[in-house]
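Visitor: Here are the chains, one letter per residue:
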Amino acid sequence: MFAAVPKIPWRVARKLHVAPRGLALAAILAVAVCATGAAFGADPAVRVIAQALTVADAGDKYPLTAPAAATRLPDDWSLTRPEHDAVVWYRIRFDPPGASAPHSSQSLYIERACSQIEVQLNGQLIYSTRSSVGSVANHCARPHLMRLPASALLPSGNVIDLRLQGHALQRVAGPARAAGLSVLKIGPSEVLAAEHARREFWNVSVVQALSIVLAALGFAVLRLDSWNRRNSHLRPYGWLALCGSALALHHWLGEAPVSSASVEFIVAAAVAPLAAASMLFLLRLAGRRWRQIEKLLLPQCLLMPLTLLLAGPSRLFLAASIWNTVLGLELLAVIGRTLWLTRRQPPHEYWPMAAALVTLATALALEFAVQRAWVAPPALETTQLILIALAIGLGLRLLRGFAKALQAAELGRRQLPGRALELAAAAERKFSQMADARIEQVMAQERKRIAADLHDDLGAKLLTIVHTSDSQRISTLAREALEEMRLSVRGLTGRPMQLADALADWRAEVMARLGQANIETDWRGPDEDVEQTLPARSFVQTTRILRESVSNIIKHSGATNCKVRCTVRDGEFELIVQDNGCGIPMELDGKLDRGHGMASMKHRAKQMRGQCLVESAPSYGTVIRLTLAL
Amino acid sequence: MNFRALSRAPETRRMNSILLLEDLPEIRVWLKALVLEVFPQALISEAARVHDALELISAVKFDLALCDLGLPDGSGVDVVAKLRELQPDAQSVVVTIHDDDDHLFPALQAGAFGYLLKEQSRELIAEQLKRMSQGEPPLSPSIARRVLTHFAKMTRRQERPQNMPQVSLTDRENEVLLRVAKGFTLPEIGVQLGLSRHTIADYVKQIYRKLNVSSRAEAALEAQRLGLFRR
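Here the protein sequences come in this chain order: A and B.
Quick note on the numbering used here: the first sequence kicks off at 6 and runs consecutively.
Quick note on the numbering used here: the second sequence kicks off at 65 and runs consecutively.
What the hints contain is simulated information worked out from the structure, not anything from laboratory work.
Check the hints yourself; a few may be wrong.
Unchecked claim - Not the full set, but computed from the structure, chain A residues with beta-carbon under 8 Å of chain B:
no., residue
1, H460
2, D461
3, G464
4, A465
5, L468
6, T469
7, R484
8, L487
9, D506
10, D510
11, R512
12, A513
13, M516
14, A517
15, G520
As the list claims (entries may be wrong) - Derived list of chain B stretches under chain A, where covered just means 3 residues or more per stretch with a C-beta under 8 Å from a C-beta of chain A:
no., stretch
16, 86-93
17, 154-165
18, 179-185
19, 193-207
20, 241-247
Positions of the beta carbon are idealized from the N, C-alpha and C atoms, including for glycine.
Work out the full structure, taking the sequences as your base and the hints as a guide.
Guide: Structure (structure tokens):
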């Protein structure tokens, strides 16, 4: 694994980071929205008109003959005329300010006029949002600002006629799209222009910008997912982003080539895929499936449009709000479950996610309350803003998760050669170890085989000679040959042995032999523990030398006492065998008689890269000094 | 430790029925002569193959068995093991060319009482045989080292086979083994530890017996692990 493996499954770990930034963004937006949505400090130069005469008439001019009713503004058609689905004329009268600011231009500011409006000043058309294609344009979210041209203004008794055309609540997808008129404000253009700009910015521009960002994110995530199909929660996110941004974007599209009923239907029906995508995303994010809900998602997406169609345009809002309730409850359930499933996360991952989900839930609840008209709709589209901001934050977080995974993969890739080298080195070590062990094994087997062969053939024959020969000398020779054979095998293929073990073996043999020959023996080994090893060949040669010396002592020396000293000093092993016998006889030319096997002793010592010195005198006895380099 | 055994003088065990297992005919003849010299009254049964020896063991009661290790149809170790199983009172002595512990140790593990090296002189072998029958098995430093290693391995092991006792050496036995491994002869050890020669010899016998039991336990454990025991 390249990335660090936390206790939770790595897939879940990588997903569940909601950017603190995204959350901060949402928080800032909400605060700003609420702040600017708060009652704007009233400017004394701005007149607020809260009452108008209304007539329901579809004509092009204010009908003077029809009875007019006095209506308070803001006027919400769902309250005052719930079934009305056409045009309403409003007439207000006002007097221009006069002396206070005679040269500043006046403007009329309408915060909300849903859905299309025409304004006439003293009979002259000064403003129109009427769509050219025949269907009702939707400018519900836009504030309207129009200058009152000075040329049309009368000194007193000015009349402003507003022709408002909109849809009844029952025919639209939500109360934000239901017809209504807000208070009118008449005042100096600069002041009202500032207010208009502010409102336009927050209500329209920001949402447009954010929804474009959201759409881009959605595309990006979908593309990422198509390249790398590892995370199943990316696709729902992509769809949810696209759906959401389409919905939000469409909210701002004024004119559409299709009839308003179709537009409303599409807007209402689009909630189902959006909710489905969100639920799918959350479920996949939590990492565990909830099959009952998942099974419902697709049928719902198909069923909702169907029922909306069946309900017909006149009951759209009812059907839509029922479906919205159902979907909202489902989404709340999924949110709750996600929060429950991921509760074991480490806190720094869990709480941002939890906060985001709770915000989502509250936004939904708020939206629901607004839809049921339990709460007055807020001045700005707060919930929509929050939802879009949350979605963007989530998307950024997903991308960040991707980037992190990429980083981790890069890191892993960079580490890979190093790790490969490590593994290779370890494998090589292991291999050489195994090879050595194998060689050991093979050597041991060889040794056994050679020994077995020799013992079987050569040994058996020698043994027969030993026990069937009449001559003592031949028996002894055969016996010695057998000993030699054993030693040779040992020296040829034997393992190195511990010097301490060798000394013990030698001691036992020498003491036994000399003891049997009734020679008093004093063996002194090294004082400290010896850790050195002796190669098998050296062991064998030294054994031979020692045996030769002991045999000499037993057979020829007539000694009664023998001293053996073994020392290890400066990496050298020294063996001294001294007896108090008659010494080795001299040859005629004054050299010691080689017939006592001393030549072979010296030869063997030289083979071991050591040396063997012999001192002998008749009264002195014999001293054999063997030195070996360890 | 049985105190009565300590104070008892060495007695030559009466060997009335002896088994000789040796494939080389000349050696067999020589061995037979030697055995009769040591135990004149004994009845000697001869075998040249493991198969024959095993048959003899199941039929005849023996006091002593002298087994060669290298036989044409197997190893004398099997005979030693079988003898220990069927006739626990019998003593088996391995008579072999090999002097290395690779060959001797398995035989001791199987229950051999001691070992003799074939190529030694007649007197020497007779002496050793007599001593063995008096209860003094031989113990060389390399054998002692292997015994120590074996028991060290057994105590290190965690598992224990079912129904098998775990044997370990007493401190005294360990002492004796350590000194033999250092190269001291048995009389020397007796002097060092202040024990009589026969006590030391008894220790050695105990050591061999425990080695046999321990090795059988080890074999049982292996068999169990391999699933050969169905308990």
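Visitor: All the hints need checking, so say for each whether the structure fits it.
Guide: Tested hints:
no. : hint    : verdict
1   : H460    : holds, 5 Å
2   : D461    : holds, 6 Å
3   : G464    : holds, 5 Å
4   : A465    : holds, 6 Å
5   : L468    : holds, 6 Å
6   : T469    : holds, 5 Å
7   : R484    : holds, 5 Å
8   : L487    : holds, 5 Å
9   : D506    : holds, 6 Å
10  : D510    : holds, 5 Å
11  : R512    : holds, 3 Å
12  : A513    : holds, 5 Å
13  : M516    : holds, 5 Å
14  : A517    : holds, 6 Å
15  : G520    : holds, 7 Å
16  : 86-93   : holds (count 3)
17  : 154-165 : holds (count 4)
18  : 179-185 : holds (count 4)
19  : 193-207 : holds (count 3)
20  : 241-247 : holds (count 4)
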